[in-house]
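Chains as they are written, first to last, in the working numbering: chain H, 1 to 265; chain R, 1001 to 1564.
Simulated from the structure, these hints should not be mistaken for laboratory data. There could be a bad hint or two in this list.
[Stated by the list, open to error] Distance windows between CB atoms, simulated:
#1 H:Ala263 / R:Ala1149: 50 to 58 Å
#2 R:Arg1039 / H:Ala255: 54 to 62 Å
#3 H:Gln107 / R:Glu1176: 29 to 37 Å
#4 H:Glu224 / R:Leu1141: 15 to 23 Å
#5 R:Val1121 / H:Ala263: 25 to 33 Å
#6 H:Asp262 / R:Arg1114: 22 to 30 Å
Where is the CB? At the ideal position from N, CA and C, for every residue including glycine.
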Amino acid sequence: MSDVLDRHHVHVSGHGARTMVFAHGFGCDQNMWRWVAPAFEDRFRVVLFDHIGAGRSDLSAFDHERHGSLEGYAQDVVALCRALDLRDGVFVGHSVSAMIGVLAARQAPELFADMVLVGPSPRYIDDPATDYVGGFSAEQIEELLDFLDNNHMGWSQNMAPVIMGNGDRPELAEELTNSFCRTDPDIARHFARTTFRSDNRDDLAGLAARALVLQCTDDVIAPESVGRYVHARLPDSQLVLMQATGHCPNLSAPAETVAAIDAFL
Amino acid sequence: MPSSEASTPTPATSTSNDQLLDLFEHAPCGYLTAGPDGRIDRANRTLSDWLGVEPGQLVGRRFPELLPIAGKIYYETHFAPLLRMQGAFDEVALDLRRGDGTVVPVLVNARERRSADGRTVSLRITVMRARDRRRYEQELLDARRRADAATAELRELTHTLETRVAEELTQRQEAENQLRQSQKMEAIGQLTGGVAHDFNNLLTVILGGLETIERQLATPGKDPLARIGRAVAMARQGALRAATLTARLLAFARRQPLQPKPIDASRLVTGLADLLQRTLGATIALETVAGAGLWPALADAGELENALVNLAVNARDAMPEGGRLTIETSNACLDEDYVAGVPEPLPAGHYVLIAVSDTGCGMDQVALQKAFEPFFTTKDVGKGTGLGLSQVYGFTRQSGGHVRIYSEPGHGTTVKLYLPRCLDTRCVDTVAPQPENQASPRGSETVLLVEDHEDLLAYSVAVLRELGYRVLAAPDAAAGLALLGREPEIDLLFTDMVLPGGVDGRQLAEEARRDRPGLKVLFTSGYARNAILRNGRLETGMDLLPKPFTGEALAARVRAALDR
Ligand SMILES: Nc1ncnc2c1ncn2[C@@H]1O[C@H](COP(=O)(O)OP(=O)(O)O)[C@@H](O)[C@H]1O
Ligand SMILES: [Mg+2]
Chain H
1 MSDVLDRHHV HVSGHGARTM VFAHGFGCDQ NMWRWVAPAF EDRFRVVLFD HIGAGRSDLS
61 AFDHERHGSL EGYAQDVVAL CRALDLRDGV FVGHSVSAMI GVLAARQAPE LFADMVLVGP
121 SPRYIDDPAT DYVGGFSAEQ IEELLDFLDN NHMGWSQNMA PVIMGNGDRP ELAEELTNSF
181 CRTDPDIARH FARTTFRSDN RDDLAGLAAR ALVLQCTDDV IAPESVGRYV HARLPDSQLV
241 LMQATGHCPN LSAPAETVAA IDAFL
Chain R
1001 MPSSEASTPT PATSTSNDQL LDLFEHAPCG YLTAGPDGRI DRANRTLSDW LGVEPGQLVG
1061 RRFPELLPIA GKIYYETHFA PLLRMQGAFD EVALDLRRGD GTVVPVLVNA RERRSADGRT
1121 VSLRITVMRA RDRRRYEQEL LDARRRADAA TAELRELTHT LETRVAEELT QRQEAENQLR
1181 QSQKMEAIGQ LTGGVAHDFN NLLTVILGGL ETIERQLATP GKDPLARIGR AVAMARQGAL
1241 RAATLTARLL AFARRQPLQP KPIDASRLVT GLADLLQRTL GATIALETVA GAGLWPALAD
1301 AGELENALVN LAVNARDAMP EGGRLTIETS NACLDEDYVA GVPEPLPAGH YVLIAVSDTG
1361 CGMDQVALQK AFEPFFTTKD VGKGTGLGLS QVYGFTRQSG GHVRIYSEPG HGTTVKLYLP
1421 RCLDTRCVDT VAPQPENQAS PRGSETVLLV EDHEDLLAYS VAVLRELGYR VLAAPDAAAG
1481 LALLGREPEI DLLFTDMVLP GGVDGRQLAE EARRDRPGLK VLFTSGYARN AILRNGRLET
1541 GMDLLPKPFT GEALAARVRA ALDR
């Protein structure tokens, strides 16, 4: 088995007494922090990594069982933070990684003193029984998963490697023009299933660290009501409603994102 | 839209606004632009036509809103970040929702225009229809999925097949071992019959010795120490002989893996003769002929013994009235002509031949054809298993040899075993043959004692003489009959049921009574097969003393027989 830091294609940069760990969400890799992370390198040791199955992580380390729940991803985070000797650090998690961070902090409370949750959602599917609005009906999520099962979403050019089989001709994938956020279709399906069926609402209350919830305007994936819910359930949190629209303020509004995190820290 | 009815072709150098507008609206692809917030500010007619809406209806919406739910999620999580990072994306396959709820498969290209500080200024998106291409891709995907499934199935099948073959092989090996063992047990069953007979004789000798000692201690006769010494020696010899037999039987019964080793076939045959003779019974004469300068053979000694026992048992069954069994060993050369006529692969060359011949009933053509088949038997239920010759066949084949049956109905059968010659000069010893002494005790009393077991005969003679009888002793029927012819005064014939040389005790008694109708007869036997007692009854004037017997029992029964 490869070293945990190699497995996650970890990049460490910057200087500082405290460490800041940036975790990407579903669909991307550590590249998505390219305009945010550098802003902290003068005060923090900055850690970037890819979840197993994403980016340049070790795909062979992907374990359908372990990575069939967010807890498994959280265990990965704990393992790599321990390998980096982390204590009282700052965790910045986008999208599903916000919740992965919360779970990791619960598994190993000594790791993080501050949590920045960008577009978090503890549950994507509405739960009428508890009046919870996640933003999606169960049918819609099933439609997504169904679609992923029966098609490789979006990547027309990626159809080639899919059709010819992965690994047969890896150079084909390298040549593709849509070079970021390339994913193994099988792993992407699995990650989508794990992400969109998760329900970690009950884990919020146990978070010991301070938390910042960054909520975008017009976020289809994590609507404002969800941000408010997370803020309400976390013991010690601040909510910032951003001007940025969409689901990725770290890309669409990096300056606003950096400013908000700075203010929180 | 301004009317262009009256317009005339415009020179290429001055493209009119109308023409540009027309190019935009009716380009053969969908086209839209959006502002920094991602909201559509302009969409062309081609696109709105494809989507079945008015162009105005698209303005103000964001591009992902045109997608079904799955596309929307995928766009937000994959393509929006990609667009920001790369500034563009190409050939992204998406479905657009139409006004009527159906979808249009399209390929989407996008370009972002950025300000100097990297902010989005505007967004341009072109949309190509991709229905055929999508269908084609879908077909390829389906084909691939089917191929994957077939491969997986094949792998699974290969795997199960491999494990099945492995299981099957172990099972078969296990079954073969069991078959071998049961064939052996069958042979042992045949052997034990003979050995039990012998055993009872030996027990009688031992018990007799003990009894003599007891008697001499209670009421010492003349020279008691010498008598006790003789009795002890007799008992010890009986016990030693019994121990040898048991060891022989146990060695035979032991479950062992096949171990081909160099064998001296002649020595093996002579070593086995003793056991075989017991199996054959007294009415069949056994003859062994050892070829000169016999080559060593390469085979498993235990299995060869097993095969010989099986052949002897078959010969015995083929000769219910008695006869002769001959086992010959010799060197043999099988030439190309001979091996060409053999169905199994068999190299021409040197072999060691063991030929087992009987003077029995022989086999007809059908039996000859099927004799080697497992479970082929012409014998009654309980008498034959049909496994004997299949063991012989299996053994010779496994040894790289060959077996052939020659048979003449009504005359006899020869089974020839060809075992490969061992070119290794070392030769493993087989059990040494047991020397068999013949001693015919003589006497001058009125009891004729016929017993082939030497020790037992000596013991019985001693017992009867000590009781004052005049004892005539004979080791077999022929000798007994001779004595009967010579000696006018014989009151009692005391004979073993099972006798060597082709005439048993019962036939001896019948013969004797022909000349002396009232002759009293006392039989003894330890080996009570159906052949000995017809319907379990004896004729008048005849009695049976079962073995083992004590001197006391012998005295009492002899007395009773004479007094009757
Ligand atoms: N020496 C022989 N003489 C006549 N027939 C024989 C002889 N050996 C074998 N056979 C025939 O071949 C058959 C098969 O023999 P075998 O395989 O030993 O089984 P089994 O003795 O239990 O019947 C016998 O039933 C008998 O008909
Ligand atoms: Mg037989």
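Status of the hints after comparison with the structure:
1. H:Ala263 / R:Ala1149: 50 to 58 Å: holds, 55 Å
2. R:Arg1039 / H:Ala255: 54 to 62 Å: Check failed, 21 Å falls outside 54 to 62 Å.
3. H:Gln107 / R:Glu1176: 29 to 37 Å: violated, 59 Å
4. H:Glu224 / R:Leu1141: 15 to 23 Å: violated, 38 Å
5. R:Val1121 / H:Ala263: 25 to 33 Å: Holds - the Cβ-Cβ distance for Val1121 of chain R and Ala263 of chain H, about 27 Å, lies within 25 to 33 Å.
6. H:Asp262 / R:Arg1114: 22 to 30 Å: Since the Cβ atoms of Asp262 of chain H and Arg1114 of chain R sit about 24 Å apart, the hinted range of 22 to 30 Å holds.
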